[in-house]
Amino acid sequence: MDMINVKINGIAVSVPKGSTILEAARKAGVEIPTLCFMKEKNEIGACRICVVEANEGRGFRIVTSCVYPVSEGMEVLTNSEKIQKARKTTLELILSTHDKKCLSCSRSTNCELQKLCRDYGVEDSAFEGFKPHYELDYSTPHLVRDNNKCILCRRCVAACREQYVSVIGANDRGIDTNIGQAFNLSLNNTPCISCGQCTVVCPTGALTERDDTDKIWAALADPTKKVIVQTAPSVRATLGECFGMPIGTNVEGKMAAALRRMGFHKVFDTDFSADLTIVEEANELVERIKNGGVLPMITSCSPGWVKFCEFYYPDLLSHLSTCKSPQQMMGAVIKTYWAEKNGVDPKDIVSVSVMPCTAKKFEIGRDDQSTAGVPDVDIAITTRELGRMIERAGIDFVNLPDEEFDNPLSEDTGAAVIFGATGGVMEAAVRTANAWLNGATTAIDLEAVRGTKGLKEATVNVAGTDLKLAVASGAAAAKYVMDQLKAGNPNGWGFIEIMGCPGGCVNGGGQPIQPQHVRDTVDLKAVRAKVLYDQDKNMPLRMSHESPAIKMIYSEWFDGFGGPKAHHALHTSYTPRKKYRRD
Amino acid sequence: MKKKISKLPFRGTAEQEAQLKKVIDELKHDKSNLMVVMQKAQDIYGYLPFEVQEMISEGMEVPLEKIYGVATFYAQFSLSPKGKYNISVCLGTACYVKGSGPIFEKLSEKLGIGADECTADGKFSLNACRCIGACGLAPVMTVNDEVYGRLTVDDIDTILEKYKD
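Taken in sequence, the protein lines are chains A and B. The end of the first sequence is residue 583 by the numbering used here, with every number in the run present. The end of the second sequence is residue 748 by the numbering used here, with every number in the run present.
Incorrect hints may have been included.
[Said to hold, decoys possible] Below, computed lysine-lysine pairings styled on DSSO-like, alpha-carbon distance capped at 27 Å:
hint	chain 1	residue 1	chain 2	residue 2
1	A	578	B	706
2	B	605	B	665
3	B	585	A	131
[Stated by the list, open to error] Listed below are several chain A residues computed to face chain B (Cβ distance under 10 Å; list not exhaustive):
hint	residue
4	59
5	166
6	168
7	169
8	177
9	178
10	190
11	210
12	213
13	214
14	573
15	574
16	577
17	579
Hints are computed from structural coordinates only; laboratory data are not their basis. Think of the CB as a built atom: it goes at the ideal place given N, C-alpha and C, for glycine as much as any other residue.
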C-alpha cells in the first residue's frame, strides 16, 4: 500500500494514500473537533469546525480536514491561533440561528455544540440577525423534533438513509434550509419506523426521545397505584454510560438497586419474558414446519423492524412470528398472572418498561396488545430517560450496592441475556431447538451468528434436517433479506432474526448518547454486546426452556406450550401501513 | 424563500399518468436520472404536486423526501400549478427601479393570489421572475409567451381583460 508521510503539529505520521487529514491526525493521537462528520456515513465537509492549516509547499491554507486528502510532506497545524479564531467564528455563526435554550434542553452537558462553544469561549450573541422559528413536531409517540436547535449537520439524515427509511432530509435552500419531511408533513404521517437512530447521532437537542418520565413520577406518587418496572436485557450493558462509567460496564445489580430506591413496587427483568419469547417462538416455528405454515419465519421482537415490514413489505407480513415482543409479553404476564396471584386489579397496575429503544414507545400503543383489557405496558422509557430519573432522584448510582431483581418474573437464562445483541435471539432459539429436537443437554455457542455484521448466515442440523438461518440487523440489512424473500428465497432460509437497529438493541435508538468522535473510533456495538455474552458464559442455565420460572408459568398458568391461554396473552397481529398520509 | 405548496386539488388525467409512467420506465434503471424525470414530470403536469412526486418515488425507488428536497432546492421546480395564463412579472434590477413592484402588487390584489400561486379556477398563476433580457422595455411582464413592456399600474386592467376566457 502506498503510504504518505505527513506532520501533524510536528508529529510525523505515515498513513495510506487517500487518507484524510482527520484520519492522519487521529492516527497521530491529535483530536480535531468535528460536528457534521460521521465516518463512512456523512463525510460532507459542511460544518467547517474541523478546519486546519495545511501546507503543501505553497504556504499554510485553511482546509476542512474531514474531507481533505493528505499529500506527501504535508504539514498540518490543527490548533493555531488562526484556526481557533476560524472555529470560534463558525460556532458564532451556527449560534446565530440556534435558540440557545440550554437550561431546558435534555442534551445539556451532553451536547457537542455546547461543548465546542465552551471550549472556544464563544460569544453567544456575536451575530444577531434573522432567526427562523420552527414549530416543534410532537406528532409521534417516540420522539420530538425541534428545528430551532438544528445546526443542519445532516447526521440524522445520514442515519435515516442508512436505515433505508429516509423520511427526513434537507428541504428548501439558503437561510430557509431545514431538516424536515416531504411536503412538511408531520413525522407521524411518514413511514418513520421509530428506530430513533437519528436521536443517537444528533449532536444537539434537535432530535430527542419523547420524555415520558413525568408520567412515571406521577404514578409513583399515587398511593392507589402499584408501579411495576421491567428492564430490557441490553439496558444493563449501557446504563452506566449515563454516569460516566466505561463503555461496556455491566450495571445489572446497581440498576435493580436504583429502581427499588426510586419506589417501584416490583423490579422485574425482561430477561424472563425473553425466555418466554424463545419458548413460544420455537414452538411456533416447529408448528409452522409441521403444519406447512408460512416459512421462513421471521422474529418479531424489534418494533422498529415490525413497523419497517408493515410499511415497506406489507405483502410479507405472514412471515413474521405472531409472538409479541418480550416487553409486551412481560406486560401481559404482569397484568394477568401476577395481578391474580397478588390480588391486584390490573387497572391499578402501572406497568413501566425501560428499553434501549424509542420504537417501544410506539409499540405499547399498538392494537392487539391489551391482554387484560388494559394496555399490557403503560409507559415505555429509554435507557437515557432512566439515567435522568436516577439523577433526579438524587441516587449516587456509581456507588450503589448490587441488588437482585424481584422474583419470580426475573429468573433468567443466558439465552435471554444475549437478546440484546444481534444474533442473540437466533442463538437462544437454536439452543432450545437443539435440546428439544436433538436431545442436547448443554447450550451450544453459535459463533456464526455473533458479531456486528449486518447480515450473518448459519446452518444448523435440527432433527436430521439442515435448517438455514439468517440474522440481519439494521433496516438496510432487513431490506436486503426481504428483497431476497421477494425473489423466492434463493438461499433457502428457514428462520430469520431481524433487528431494526444496526447491532441490535445494544445500539438501539434509546441508548446513551456517545459523541460522534467516540462512535467513529470505538465499536460500541461490539463492546456493549460483549457485556451480554460475558454474562451468558457464566450463567448456570443457558437455555430458555430450562428456566424454572418458565416451567412454572407454563404449568401453573398457561396450560402447556402453545395453548389458547398462552396464545391470547403472548401473540399479536400486524397490519399493512400506508407510507404517507396527508390528513 | 420557502417554496409554496399549492392547496388546490390535483387534477391529473389518466393520459398524463401514462406519459409519466413511460418516462419513468425509460429512465428508472439509473437513479441519477431523477432530475430529468422530475423535469419531464413538470413538463407533463406543469408542476410537481404530492401525487406526482409519489409516483416518481414509487417508480424510481427513490425516497419521497429526497425528491421533495430536490424540488424545493432548485428554482426550476414548482409545487404550484401553472394557470391557463401564467403571468411573470420581472422584478430584476432595471424593471424594479422602473416600478415593477407596484405592478406585481396590483396583479396580486386583482387576482387574489401571491407569488407562485394559482387562482382556484385554474385560470391565472403569478410569478416573480428575474431579468428576461428586455430591460429596454422595463418594466416588463409576460403572459404565457406574450411580452408587455413599459407598463404602468393602470395598464393591468386592460391586459387582464384580454384573457377573460
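Evaluation of the provided hints:
1. A hinted pair counts as satisfied when its Cα atoms are at most 27 Å apart, and residue 578 of chain A with residue 706 of chain B does not qualify at roughly 34 Å.
2. Pair hint residue 605 of chain B plus residue 665 of chain B holds up; C-alpha atoms about 23 Å apart against a cutoff of 27 Å.
3. About 14 Å separates the Cα atoms of residue 585 of chain B and residue 131 of chain A, which keeps this hinted pair within 27 Å; it holds.
4. A cut of 10 Å between beta carbons decides the hint on residue 59 of chain A: the least distance to chain B is about 36 Å, and the hint is violated.
5. Of the supplied interface hints, the one on residue 166 of chain A holds, with its beta-carbon coming within about 4 Å of a beta-carbon of chain B, less than 10 Å.
6. Proximity of residue 168 of chain A to chain B holds as hinted, the smallest CB-CB distance being about 6 Å (cut-off 10 Å).
7. Among the interface hints, the one on residue 169 of chain A holds; its C-beta lies about 4 Å from the nearest C-beta in chain B, closer than the 10 Å criterion.
8. Taking 10 Å as the C-beta cut-off, the interface hint given for residue 177 of chain A holds, the closest approach to chain B being about 9 Å.
9. Interface restraint check: residue 178 of chain A against chain B, minimum CB-CB distance 8 Å, threshold 10 Å, status holds.
10. Residue-level restraint check for residue 190 of chain A holds (minimum Cβ-Cβ distance to chain B is 8 Å; threshold 10 Å).
11. With a cut of 10 Å, the hint placing residue 210 of chain A at the interface with chain B is violated, because the nearest CB-to-CB distance is about 21 Å.
12. Given hint, residue 213 of chain A at the interface with chain B, is violated; its Cβ is 31 Å from that chain's nearest Cβ, farther than 10 Å.
13. For residue 214 of chain A, the interface hint is violated, since its Cβ never comes within 10 Å of a Cβ in chain B; the closest pair sits about 32 Å apart.
14. Look at residue 573 of chain A: its Cβ only gets to about 26 Å from chain B, farther than 10 Å, so that hint breaks.
15. Hint status for residue 574 of chain A relative to chain B: violated, with the closest Cβ pair at about 22 Å, above 10 Å.
16. Violation of the interface hint for residue 577 of chain A is found here, the shortest Cβ-Cβ separation to chain B being roughly 15 Å, above the 10 Å cut-off.
17. At about 8 Å, the closest approach between the beta carbon of residue 579 of chain A and any beta carbon in chain B falls short of 10 Å, and the interface hint on this residue holds.
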